[in-house]
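**Student:** Given next are the chains, with one letter for each unit.
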Amino acid sequence: MTVDTEQIYTKDYIEQFSKDRNEPEWMKTLRLEALEQSATLEMPKPDKTSIVRWNFSRFKHDYVQGESIESLEHLPEEIKDFFDPENLPENLLIQRNNSIAYASLSNELKEKGVIFTDIFTALQEHEDLVKKYYMKDAVSVDEHRLTALHAALMNGGIFVYVPKNVEVKTPLQVVFWQEDPTIAYFNHVIVVAESNSSVNYVENYISNNEDETVANIVTEVFAHDNARITFGAVDNFATGTTIYTNRRGVAHRDATINWSIGQMNDGNTIFENITELVGDNSLCHANTVTVGRGKQIQNITAKTIHWGRNAEGYILQHGVMKDSASNVFNGIGKIENGASGSNAEQTSRVLMLSEKARGDANPILLIEEDDVMAGHAASVGRVDPLQLYYLMSRGITKQEAEKLIIHGFLEPVVSQLPLESVKKQLKQVIERKIN
Amino acid sequence: MAGSTLEIKDLHVSVEGNEILKGVNLTIKGGEFHAIMGPNGTGKSTLASAIMGHPSYEVTKGSILLDGEEVLDMEVDERARAGLFLAMQYPSEISGVTTSDFLRSSINAIRGEGNEIPLMKFIKEMDQKLDALEIDKNMAQRYLNEGFSGGEKKRNEILQMSLLKPKIAILDEIDSGLDIDALKIVSDAINDMRSEEFGTLIITHYQRLLNYIKPDYVHVMMQGRVVKSGGPELAKRLEEEGYEWLKDELGIKDETVGQEA
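Protein sequences appear in the order of chains A and B.
Each residue of the first sequence is one higher than the one before, counting from 23 in our numbering.
Each residue of the second sequence is one higher than the one before, counting from 974 in our numbering.
Chain A extracted, bound-state conformation (with noise of 0.2 Å):
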């Protein structure tokens, strides 16, 4: 079934989805209420890039179900190099469209109360705690117009929780496979890591289509006093998908999140990766790397806001860029009134392959406290023509030498990934956008 959006930016469309699901009360109020906001928010304005022109409005919403995937010995052949056989993932969710098409979690991290489930069944059977979570102090219904319609629409997604004192081992990964090529995505990923815990989430997109649709995805991440969360991403929507993506990071004391997110999308791509350190002494790494090809246009911002004291942020983003593409890196450091002995670092590197490659780095630093540090590194730039003499005097191609200046110079996010058979999907996926 095919809604165009005319119609479904009707409250009855929207009242009839949330029936359907069988939400909660406050949450078709929440849908319909941002659904009221959504037409007369104004469109985020991301720094340097105008996305007057993207699609954000033709897409096919529905809430589409996935067949079920009965073992992962007999994986469809679309997904199956995303895991390693030898090696197959104790604690995974397959979205396969907008619908959990395998679930496993380890008896082990049951028995300690980890949930790990999509967020409908979150929603009837956790619905306290998805509460407490759903776009509260994280992210705000009223941000902008897509954080409303994200709200309105949302058709998927995942619900983490952590209990207190329990540490997560083994990474829990999440598969988003967008098999209906004209399907929107607008999921919703939240993590909660309560006190002393610790978790590893990774979690990868997979599309394949050309048509036109929009992906609007927010995920709310928690880390409470002295929790720990590894949270990877490879997001890889393809061409036809407007991508709006906003994950964001909360961290309370002594609290520490760490980001390394792949942005391998070949669709315009407005990104943006907040991490509100609240908590004195906390901790976050965002790490970022990107591919642009084609006519692509991204723009991607990273930001590290410290109201903690002695909290400390790391922003990391590496981008290549070939053929027509343009990448934007914000890179914003900031320090609040109180956040004494707060550090802020940031690098951000272009590398351009083409001579219509564009690129910039965009260092913004906003600090309103004496006693604190704060830097920033920023380049743009081509291969260095020495770099390539040198590799191709022992007798590598250009075309080879080429290659391992930019995986090396993509190693630096790549290499943290929580996961090795995520990490090698990822430098695939490199492998093939740079060719």
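It is possible that some hints are incorrect.
[Unchecked claim] Stretch by stretch, here's where chain B covers chain A in the computed footprint (C-beta under 8 Å, at least three residues):
#	segment
1	400-409
2	417-423
3	429-438
Since the hints were made in silico from the structure, they are not lab data.
Being a predicted model, the structure only gives us computed values, none of them experimental.
Note that beta-carbon positions come from the ideal geometry of N, C-alpha and C, so glycine has one too.
Go by the hints and put chain B onto chain A.
**Tutor:** Using the frame of chain A, we list chain B on its own:
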């Protein structure tokens, strides 16, 4: 099989419009060790860079033949695959690429598709050469030349030569920045290469390297040309008497490029 022959004929090279080499003639054969000496700024390193195909050096005239094939028509990587090697004075640092991955890529590029070195064999050979050059094994896992000391970079160049086994190697001031112990180790590795299949051109302005590596031929460069050639006794005399006698003999006032005789 006899070794290869590198013939440099009337080579003229410019950098940014300035002519640095003004007609160099030199022939290096397999089994021969040649040394080029001469004060700074006389074109020795330019010769090395031009042979390998450095992008900033423009050959305006002349020819470089490897076994009769025109090297100047080859891309840099083709020159390497044809059997040329240059140990560079200032090797590039490549972030994110481990020395070991780079070495394996190079060896496989030289060996050619379908003839790749088996992984275990590669590791064994690399370990052997690392030991011979007294290089810490950690270096293989470090990013190529990144944060290497001057001495480590030089040893890494010789490590590459030992593993790639070129037909003709040009060593550009491989001795500069090495202490005496390192110099001996590096010299041993170069001497180990000596065979009918291997010829080398050693560029240096210190005679001390030639105490450890015995050249068959010694050439002196001044003003962008080879002005004198001889045997090891020439190096000896240069060490004892300097370059003045030679300049007098040739009627040269300033030996650097850009000054007229």
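**Student:** Determine for every hint whether it applies to the structure shown.
**Tutor:** Going down the list of hints, with the structure as the test:
Counting residues of the segment 400-409 of chain A whose CB falls under 8 Å from any CB of chain B gives 4; the rule of at least 3 is met. Remark: the segment 417-423 of chain A is confirmed as covered by chain B, as 6 of its residues place a Cβ nearer than 8 Å to a Cβ of that chain, reaching the required three. Residues of the segment 429-438 of chain A lying with their CB closer than 8 Å to a CB of chain B number 6, which satisfies the three-residue condition for coverage.
Against the hints set out earlier in the document, no violation occurs for any number.
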